[in-house]
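Those protein sequence lines, which keep their order, are chains A and B.
Residue numbering for the first sequence follows the numbering used here, starting at -16 and increasing by one per position.
Residue numbering for the second sequence follows the numbering used here, starting at 6 and increasing by one per position.
Derived by calculation from the structure, the hints in this document are not laboratory data.
This structure is a prediction, so every number in the text was calculated from the model and none was measured.
Cβ atoms here follow ideal geometry from the backbone N, Cα and C, with glycine treated the same way.
Careful, some of the hints might be misleading.
[Said to hold, decoys possible] Just some of the chain A residues that point at chain B, by a computed CB distance under 7 Å:
{"no.": "1", "residue": "L59"}
{"no.": "2", "residue": "K67"}
{"no.": "3", "residue": "L71"}
{"no.": "4", "residue": "T193"}
{"no.": "5", "residue": "G197"}
{"no.": "6", "residue": "F200"}
{"no.": "7", "residue": "L212"}
{"no.": "8", "residue": "A221"}
{"no.": "9", "residue": "L224"}
{"no.": "10", "residue": "R231"}
{"no.": "11", "residue": "V232"}
[To be verified] No farther apart than 20 Å at their CA atoms in a straight line, the calculated lysine to aspartate or glutamate pairs in the EDC-like style are these:
{"no.": "12", "chain 1": "A", "residue 1": "K181", "chain 2": "A", "residue 2": "E124"}
{"no.": "13", "chain 1": "B", "residue 1": "K10", "chain 2": "A", "residue 2": "E124"}
{"no.": "14", "chain 1": "A", "residue 1": "K233", "chain 2": "B", "residue 2": "E68"}
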Amino acid sequence: MQWVVATASFLASAVEFVEAFTIVLVIGVTVNWRSALLGALAAAATLALLVATLGTALVQWVPIDVLRLVIGILLLLFGLKWLKNAILRYAGLKARHDEEAIYEQTRTELRARGETDASSSRFDLFGFLLSYKSVLLEGLEVAFIVITFGVSAATSTVSRSSGIASSAFGALLAGLLVILVGALVRVPLAKVPENTLKYVVGIMLTTFGTFWTGEAFSVEWPLSDAFLLILATIYLCAAFLLIAWLKRVKAGAIANQPVPASAQTQEVNP
Amino acid sequence: MKVIKAIYNFIVGDMVILVGVTLAVIVLALINNIAVLAPLKSFSGPFLVIAVLGSLVATLSREAFSFHR
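Construct the entire structure; sequences and hints are all you get.
Right under this line is the structure:
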């Protein structure tokens, strides 16, 4: 078991599972549980088919150096996107990803369509498709994470299948944990600090992406695999500095905003 | 076109990051494959880290600038 890969996969997958679970929950509560669960199960089956086909093809047919390069670049793109959004949210330049708000918005949309008879067990195509689409999209991101982390973790001593198994274990654990917590508390998991999770995962994806892209170009990192920790520290420090800088930019922009005419009059004639 | 846009949004969704990472990879490929540039090989690692940070700073600057306006 490769614990670094399993942990990275666990954290990244947990974010996606929380998002998917919130949508399925709201469809279950608002439309009906039958359509919501059938949609989620159909999406899970589609995903299993995709991963089984693509995962096996990747493991058997593609050379490791080519995989490292492609996956390193993909992780860099993915990681930088997550890190950018998390930094913007911490700096207050972007609204925080709020599961409670998503829950309420989806619920309002469904109510507007008249889909409020949650006690009915009648199969509802709209609820089914909405659940299917949401789980498939979020699940695709999980599958992407599992395959990329798993395959890239392969070394001379560890096979690609073992890497994928470790990565899949992390994702499976995250999925079970999210379903268990969600079933117990029956709320849209708003308490999970999603932005913090995305921030950490953004740092991890960017770190692994840089490391593996470098390895694909025969870069010899000092201290070998231990350099991953140094890379993560560099990106963490840079992210802290960028958040502080963006907060200053935001404060400056607010301070420079023109004062409304009514407020100016009040200041002159108190 | 819709499919390409969906894939682009799924993987990156940010042109500055895409251009930054692509340029870094092209430069690394040149250093790795052109004999004249071989002496620069030992700088490949630091270059990649700086390029990644540069892309992040560039895309955040664009966001900050658009907020400022």
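Hint check:
1. L59: Since the shortest Cβ distance to chain B is 5 Å, the answer is holds.
2. K67: Status holds, d = 6 Å.
3. L71: Check passed: Cβ of L71/A comes within 6 Å of chain B, closer than 7 Å.
4. T193: holds, 6 Å
5. G197: Given a least distance of 5 Å, the restraint on G197/A holds.
6. F200: Holds: closest Cβ of chain B sits about 5 Å from F200/A, inside 7 Å.
7. L212: Not OK, violated: L212/A not within 7 Å of chain B, min 14 Å.
8. A221: Status holds, d = 6 Å.
9. L224: violated, 10 Å
10. R231: violated, 10 Å
11. V232: With a closest approach of 5 Å, the V232/A hint holds.
12. K181/A with E124/A: holds, 13 Å
13. K10/B with E124/A: holds, 16 Å
14. K233/A with E68/B: holds, 11 Å
The structure is inconsistent with the numbered hints 7, 9, 10, although it conforms to all the rest.
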